[in-house]
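Make the full structure from the sequences, and use the hints.
FYI, the numbering for the sequence shown is 1 to 396, going by UniProt numbering.
Please keep in mind that the hints were generated in silico from the structure rather than gathered at the bench. Please note that a few of the clues may not be correct.
Stated by the list, open to error - Each pair of labels, with its calculated beta carbon distance range:
{"id": "1", "residue 1": "Thr8", "residue 2": "Gln239", "range": "15 to 25 Å"}
{"id": "2", "residue 1": "Lys9", "residue 2": "Ala63", "range": "26 to 36 Å"}
{"id": "3", "residue 1": "Ser295", "residue 2": "Pro11", "range": "37 to 47 Å"}
{"id": "4", "residue 1": "Lys206", "residue 2": "Ser312", "range": "34 to 44 Å"}
{"id": "5", "residue 1": "Leu12", "residue 2": "Ala63", "range": "33 to 43 Å"}
{"id": "6", "residue 1": "Gln308", "residue 2": "Ala340", "range": "15 to 25 Å"}
{"id": "7", "residue 1": "Arg234", "residue 2": "Glu284", "range": "44 to 54 Å"}
{"id": "8", "residue 1": "Thr20", "residue 2": "Ala62", "range": "14 to 24 Å"}
{"id": "9", "residue 1": "Gly41", "residue 2": "Gln236", "range": "36 to 46 Å"}
Unchecked claim - In silico EDC-like links for lysine to aspartate or glutamate, alpha-carbon gap of 20 Å or less:
{"id": "10", "residue 1": "Lys319", "residue 2": "Asp51"}
{"id": "11", "residue 1": "Lys305", "residue 2": "Glu39"}
{"id": "12", "residue 1": "Lys306", "residue 2": "Asp237"}
{"id": "13", "residue 1": "Lys178", "residue 2": "Asp141"}
{"id": "14", "residue 1": "Lys154", "residue 2": "Glu144"}
{"id": "15", "residue 1": "Lys319", "residue 2": "Glu278"}
{"id": "16", "residue 1": "Lys178", "residue 2": "Glu238"}
{"id": "17", "residue 1": "Lys306", "residue 2": "Asp281"}
{"id": "18", "residue 1": "Lys178", "residue 2": "Glu144"}
{"id": "19", "residue 1": "Lys178", "residue 2": "Glu224"}
{"id": "20", "residue 1": "Lys74", "residue 2": "Asp141"}
{"id": "21", "residue 1": "Lys313", "residue 2": "Glu148"}
{"id": "22", "residue 1": "Lys17", "residue 2": "Asp64"}
{"id": "23", "residue 1": "Lys319", "residue 2": "Asp149"}
{"id": "24", "residue 1": "Lys313", "residue 2": "Asp149"}
{"id": "25", "residue 1": "Lys288", "residue 2": "Glu278"}
{"id": "26", "residue 1": "Lys178", "residue 2": "Asp281"}
{"id": "27", "residue 1": "Lys53", "residue 2": "Asp149"}
{"id": "28", "residue 1": "Lys53", "residue 2": "Glu39"}
{"id": "29", "residue 1": "Lys38", "residue 2": "Asp51"}
{"id": "30", "residue 1": "Lys17", "residue 2": "Glu39"}
{"id": "31", "residue 1": "Lys178", "residue 2": "Glu278"}
As the structure is a computational prediction, the values presented were derived from the model and not from experiment. Every residue, glycine too, gets a C-beta built ideally from N, C-alpha and C.
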Amino acid sequence: MSSSAEHTKLPLPQYLKLLTNGNVPVAKAMAAAGKIYKEHGSPSQLALLTDFKLKTAGIEDAADRKLILAAFRKAGFAPKRKTLKRTRDDQSEESAEKPSSSAGQAGPSSPSHSTATTTQPTSPTKRRRTQTKSGGSGSFDFNEVLDEDILKSKFIVVNRAPVMTAWATVVAERLNFKREEALSIASVYTEMNAVSKGITLGLYDKKKEQGLEASTNGAQPYVELIGRRVPVYRTQDEQWRALSNSNPVSPMTAFGYLSRSFQQSLPHVIGTMRLLAESYDPSELNAKAWILYTSFRPEIDQWGKKSQLFCSKILALRKTERNSSQTLPVNSASQNPTVANVDSESNHPPTSTTFTEEGAHLSLEEYEAALDEDHTFDEVNLDFSEPQSNDASKDS
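Here it is in structure tokens:
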């Protein structure tokens, strides 16, 4: 295969055939392609595809990821093995670990030295793996930047969908949800808005919206977030996870999406949003979060087109001390988030944790197309010195 062919994206029908020829069911092949084709559509990109990348792309089920990888490997898209060359540093470390020549050649270990010789240091790679597994929210660290002097000059060209997901995550955390909980809730919140807008635009059937939002008259526990009722359930380790089509949504879905969308700008964007959120009381923030979002989101003049998100614009929306009559409360681990119907009998674990075969979850392109088409509030003067109505449409 020529160098240019390796970097040329495969036709989608051929891409799907690779999966189905590898025993991936058609429905799952289509669902997977919707998540990975954009970023891993060429032979060179497929050769670099890993289980972690599949999980980051939103394919949650381990068996599905294994089947997809096996199909691509069967088709010949496997990483090229490289012969590792020893560097001077490696040789120096090895020399340092060996006994000096004055000590002579090593013989059998004596009992008095057995304890010392069997305890070996953990390699840096292994340490990183251990920290990732046990780190909890540390595994989803934004490394956010909070220095206003640095932030005010930053901007990024991006679609609206990841901006909404990032903002919903920050608002959920301000409401005392843990990082993993906030990411899961934000992912479903963004999907709800994309589906609603897609129905308004005639992109989806109205049936697609059924069951997405919790009912106030039902028994399903839910979270009131920025005007939406996001259904949730409590896991065995006492954490909340949002539900989409009765399936729990992993925090990795939103975290991977945000990491891909913002890349190196993620610490600046989250940091800026954090400063805005912290300037409001949690309940007031939740009530005004939608209007705040519509005033700093990228200005889109064409479907699917990216636009600029300015950190300075977000910072300018902070509530000043002059307008605040009380000291802003600080989030405390002892404060519990508010969840409606928390004692409901319907708070049982979902029956399935695999991604749906019918493509109920929107693809990245569907999220962005639906949300970028929305122009609600584009011509509205959002003057916070005047009383605001909270009944604004939540279509995007």
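Structure-based check of all given hints:
1. Thr8 with Gln239: 15 to 25 Å: violated, 44 Å
2. Lys9 with Ala63: 26 to 36 Å: holds, 27 Å
3. Ser295 with Pro11: 37 to 47 Å: For Ser295 and Pro11 the Cβ distance comes to about 42 Å; the hint holds.
4. Lys206 with Ser312: 34 to 44 Å: holds, 40 Å
5. Leu12 with Ala63: 33 to 43 Å: violated, 24 Å
6. Gln308 with Ala340: 15 to 25 Å: Violated, at about 37 Å.
7. Arg234 with Glu284: 44 to 54 Å: violated, 27 Å
8. Thr20 with Ala62: 14 to 24 Å: holds, 20 Å
9. Gly41 with Gln236: 36 to 46 Å: holds, 38 Å
10. Lys319 with Asp51: violated, 44 Å
11. Lys305 with Glu39: holds, 18 Å
12. Lys306 with Asp237: Cα-Cα ~39 Å, so violated.
13. Lys178 with Asp141: Distance of about 12 Å is within 20 Å: holds.
14. Lys154 with Glu144: Holds, at roughly 13 Å.
15. Lys319 with Glu278: Holds, because 9 Å separates the two Cα atoms, which is no more than 20 Å.
16. Lys178 with Glu238: holds, 11 Å
17. Lys306 with Asp281: violated, 32 Å
18. Lys178 with Glu144: holds, 16 Å
19. Lys178 with Glu224: Answer holds: Lys178 to Glu224 is near 16 Å, not above 20 Å.
20. Lys74 with Asp141: At roughly 36 Å apart (the allowed maximum being 20 Å), Asp141 and Lys74 break the hint.
21. Lys313 with Glu148: holds, 12 Å
22. Lys17 with Asp64: Roughly 16 Å separates the two Cα atoms, so the pair holds.
23. Lys319 with Asp149: holds, 18 Å
24. Lys313 with Asp149: Holds, because 14 Å separates the two Cα atoms, which is no more than 20 Å.
25. Lys288 with Glu278: Holds: Lys288 and Glu278 sit about 13 Å apart, inside 20 Å.
26. Lys178 with Asp281: holds, 18 Å
27. Lys53 with Asp149: With a Cα-Cα distance of about 35 Å, the restraint between Lys53 and Asp149 is violated, given a limit of 20 Å.
28. Lys53 with Glu39: holds, 10 Å
29. Lys38 with Asp51: Cα-Cα ~17 Å, so holds.
30. Lys17 with Glu39: holds, 18 Å
31. Lys178 with Glu278: Holds. Lys178 to Glu278 sits at ~16 Å (cutoff 20 Å).
Of the hints listed earlier, those the structure fails to meet are numbers 1, 5, 6, 7, 10, 12, 17, 20 and 27, in rising order.
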